[in-house]
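Chemist: For the protein sequence lines, the chains are S and E, in the order given. Per this note's numbering, the very first residue in the first sequence carries number 1; after that it's consecutive. Per this note's numbering, the very first residue in the second sequence carries number 1; after that it's consecutive.
Please note that a few of the clues may not be correct.
[Stated by the list, open to error] Facing chain S, according to a computed beta carbon distance under 7 Å, are these residues of chain E, among others:
id : residue
1  : V100
2  : G102
3  : I140
4  : I261
5  : R262
6  : D271
7  : G273
[What the hints assert, rightly or not] Here are a few chain S residues that sit away from chain E, every Cβ distance over 10 Å (derived from the structure):
id : residue
8  : P72
9  : Q178
10 : A339
11 : E345
12 : S377
If you are wondering where the hints come from, they were derived from the structure by calculation, not from laboratory data. Even glycine gets a Cβ: it sits at the ideal position worked out from N, Cα and C.
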Amino acid sequence: MRRFADLFTRLDRSTGTGDKRAALVAYFRDAPPADAAWALWLLSGGKIGGSRARIASSGELRAWIAEESATPSWLVDDSYDAVGDLAETLALLLDDPATPAPDLPLHAWIERRLLPVANADAASRRAVVVAAWRSLAFAERFLFNKLLTGALRVGVSRGLVQQALAEASGVDIALIAQRMLGEWTPSAAFLQRLTSREAQPGDAASPYPFFLASPLESEPDALGPIADWLLEWKWDGIRLQLIRRAGDIALWSRGEERLDGRFPEIEAALATLPRDAVLDGELLGWRDGDAPLPFTALQTRIQRRKPGAKTLADTPVRVLAYDLLELDGDDLRAHPLEARRALLEDLLERHGDPRIAVSPRVEAATWADAAGLRAGSRARGVEGLMLKRRAAPYQHGRKRGDWWKWKIDPLTIDAVLLYAQAGHGRRSTLYTDYTFGLWDGDALVPVAKAYSGLDDREILKLDAWIRAHTTERFGPVRAVAHEQVFELGFEAVNRSSRHKSGIAVRFPRILRWRHDKPMQEADRLDALKALAR
Amino acid sequence: MTDLIVLRPEGLYCPAGDFHIDPWRPVPRAVITHGHGDHARTGMGEYHAAAPGLPILQWRLGAQAYHPHAYGDAFALGDARVSLHPAGHVLGSAQVRIEVDGEVWVASGDYKRQHDPTCAPFEVVPCDVFITEATFGLPIYRWPDTAEVARDIVAWREECAARGETAILYCYALGKAQRLLAELAAHTDRPAFLHGAIDTGTTIYRDAGIPMLGTRRVADEARGGDFAGELVLAPPSAAGSPWIRRFRKAQQGFASGWMRIRGNRRRRNYDRGFVVSDHADWPALLRTVRETGARRVIATHGATDALVRALNDAGIATGVFRTDYGGDD
Chain S
1 MRRFADLFTR LDRSTGTGDK RAALVAYFRD APPADAAWAL WLLSGGKIGG
51 SRARIASSGE LRAWIAEESA TPSWLVDDSY DAVGDLAETL ALLLDDPATP
101 APDLPLHAWI ERRLLPVANA DAASRRAVVV AAWRSLAFAE RFLFNKLLTG
151 ALRVGVSRGL VQQALAEASG VDIALIAQRM LGEWTPSAAF LQRLTSREAQ
201 PGDAASPYPF FLASPLESEP DALGPIADWL LEWKWDGIRL QLIRRAGDIA
251 LWSRGEERLD GRFPEIEAAL ATLPRDAVLD GELLGWRDGD APLPFTALQT
301 RIQRRKPGAK TLADTPVRVL AYDLLELDGD DLRAHPLEAR RALLEDLLER
351 HGDPRIAVSP RVEAATWADA AGLRAGSRAR GVEGLMLKRR AAPYQHGRKR
401 GDWWKWKIDP LTIDAVLLYA QAGHGRRSTL YTDYTFGLWD GDALVPVAKA
451 YSGLDDREIL KLDAWIRAHT TERFGPVRAV AHEQVFELGF EAVNRSSRHK
501 SGIAVRFPRI LRWRHDKPMQ EADRLDALKA LAR
Chain E
1 MTDLIVLRPE GLYCPAGDFH IDPWRPVPRA VITHGHGDHA RTGMGEYHAA
51 APGLPILQWR LGAQAYHPHA YGDAFALGDA RVSLHPAGHV LGSAQVRIEV
101 DGEVWVASGD YKRQHDPTCA PFEVVPCDVF ITEATFGLPI YRWPDTAEVA
151 RDIVAWREEC AARGETAILY CYALGKAQRL LAELAAHTDR PAFLHGAIDT
201 GTTIYRDAGI PMLGTRRVAD EARGGDFAGE LVLAPPSAAG SPWIRRFRKA
251 QQGFASGWMR IRGNRRRRNY DRGFVVSDHA DWPALLRTVR ETGARRVIAT
301 HGATDALVRA LNDAGIATGV FRTDYGGDD
């Protein structure tokens, strides 16, 4: 555990990304694989045991520390309020052992001490936790408590961890990212497969990492001749990867969630494709006619694990596919978009099922023509245009240069909920005043407060979530886990020296709760600054 | 019996002796516990203070009507018999002992129980009523061994040196900086560079004969000089100022009891936090109250709520004086 505690300490210092990456690379090179696998799990936001295998609730931890440190429970609570982090509070309330116990590796702590007592009687669980407190020095004790309370929150993004693994192992980062998609269990064997240069059996069954477009911040003329670009509508739906391999069917969202069962009509259409394929496209609510249903219609479908006949009839969905990543087992990602697209059009035209159709090309002879078409986006129910370089391969992650989203209404952002405060009047017992942040480097910076935009049902749901995911309290304000993404709309952005972010947004309001969007993909502060007057 | 010390709008007041302790508004006669700005202010008719702290008061307050007293020497103010006793906080810091008709009250000012090579150690003064600070009045505050922290600072400077960076260590200009310099002298010979505000206080400590690490003034170095690999001490107020920009590549640390909490360091964006405090930690507060034998305790500033409740629960009648003293450390 000492090695992992040292890594955590290095990451926790507010040094730059390069230093953090170097610390991670050194760790992944030197740590035993069984440890490194757990480190990867924890740094990726994984928890130990989770709800199915309870080791200690926060109430139990508070009670046990009160007993062990001979501190009255009210004083434990006061201390927690001052610190704002339970794991840290627990570590601070005890003195270091006179002689620390010999070091036990991270995986041994988890696999031999903690997991065996998961769901056991309270006395057994307490004995393991207290023995750890009594034997570990501060840094390790703090980290041990973090294992119990969840989420390390040490300012390391998943991308950074993957970069470090790629550098330490010599395996391409795209392959690492792909192998980490979906469900996995931390073990030496998993890490070995993850960082193996040999093809792995699982490589064929998993989705590919999504290629993400960047917002276009300049005029498109800067992109060169329009003939080099393929234009599509920017749909306002749910990005999906559709996999059909030897009769196996899977739907993956960008949140790395399998959506099997939720969209049976899409699965049925996928099953009858003439060839095995992996498609990238957009799931949209679509009754008939030329325009999709608004995104809110789709929200009723996302929630339903097994939609009934009424839901299926009320909100029919379809996929508009825009890329073909694999055909008959061949990985096409290195091919130019134009070639992939031709194969996609051929495949889907032969299929002829409107539930999986090609996202049409938008034809424009000049950038000015394109701008004219884009201006009509709202009437079409789309968010603007996608500009994709015809010669570009399918990359992974958000790589600038080849895929741009040219949205019509630039004054919306996807922001992460950071703080919540109780409202007033009717809402005084609910957390309804929210503060949202955008990414600035590896940190989330507050940019806007919003009070309206959610309906009563959503407010109740979010209130419950906030209470269960509070990380710190500052008087009436709660800091919450950085997980929930909301689309905010606003009228203008102005530069401001009074705000830490350097900008002030006018009339911000919540447009919708982006359940589908992982917080890593919230917008960046730079994008908002670029819009500021 | 009436209380020997009461809270007045201008500060703590002793009616029997007709004087104030560390008042925050002008009064005719003040007893000053130590030279920090929230305790020693201008505008008092006369100043009674411990003799070792006199040069500090003269630096901070200029020419005033000073009455220095040796530690332990009793003097009369009105009907009160007053004496000053080491508080272990900074050079010349004092507790104020007041005796009237056999009743003894002690006002602690700021104090600590840890070893500090720059000032006389805290003296336990038995009393009936103890007025205590409570800056760090929560059980999460427990100080590590300062020598260990000094070694960490030296190791940090070496780490910075290996990366071609300056190690800027923020610390309070009076007391903390000199204590660090004295502690560091045991672990390194390499001189530290000082911000002007710290240099003046350091000169006073040197004149008092306190051994410390060699120092140089940043201001004396040539413009555009390179401080890579050096340790620079600066007051926290210098953070983000134009002064700090001369150190092109630098890491920034803060030496304070507040650095015990990770969130404090992260909120202020320090690369490193070093836990060194000139105040009593939680165990020291409880131990001190116990050792004074006081039957009644009054907490003045800091996390008073928790301390008051804990002491009351332990059977010691405890209340609060709401003072204007700050939480700097």
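Chemist: Indicate, hint by hint, whether the structure satisfies it.
Modeler: Evaluation of the provided hints:
Taking 7 Å as the C-beta contact cut-off toward chain S, the hint placing V100/E at the interface is violated, the least distance being around 35 Å. Here the hint on G102/E is broken, as its CB sits about 36 Å from the closest CB of chain S, past 7 Å. Checking I140/E against chain S by beta carbon gives a least distance of about 4 Å; that is within 7 Å, so the hint holds. Because the closest C-beta pair between I261/E and chain S is about 6 Å apart, less than 7 Å, the hint holds.
Of the supplied interface hints, the one on R262/E holds, with its beta-carbon coming within about 6 Å of a beta-carbon of chain S, less than 7 Å. Given hint, D271/E at the interface with chain S, holds; its Cβ is 5 Å from that chain's nearest Cβ, closer than 7 Å. Taken as an interface hint, G273/E does not check out: its beta carbon lies about 9 Å from the nearest beta carbon of chain S, beyond 7 Å. Against the 10 Å criterion, P72/S falls within the reach of chain E, whose nearest CB is about 7 Å from its own CB.
For Q178/S, the shortest C-beta to C-beta distance to chain E comes to about 33 Å, beyond the 10 Å cut-off, and the non-interface label holds. Non-interface call for A339/S relative to chain E: holds, since the shortest CB-CB distance, roughly 48 Å, exceeds 10 Å. The claim that E345/S is not at the interface with chain E holds, since no C-beta of that chain comes within 10 Å of its own (minimum 52 Å). For S377/S, the non-interface assignment is confirmed: its Cβ lies about 41 Å from the closest Cβ of chain E, beyond the 10 Å cut-off.
The structure fails hints 1, 2, 7 and 8 (numbered hints given earlier, in ascending order).
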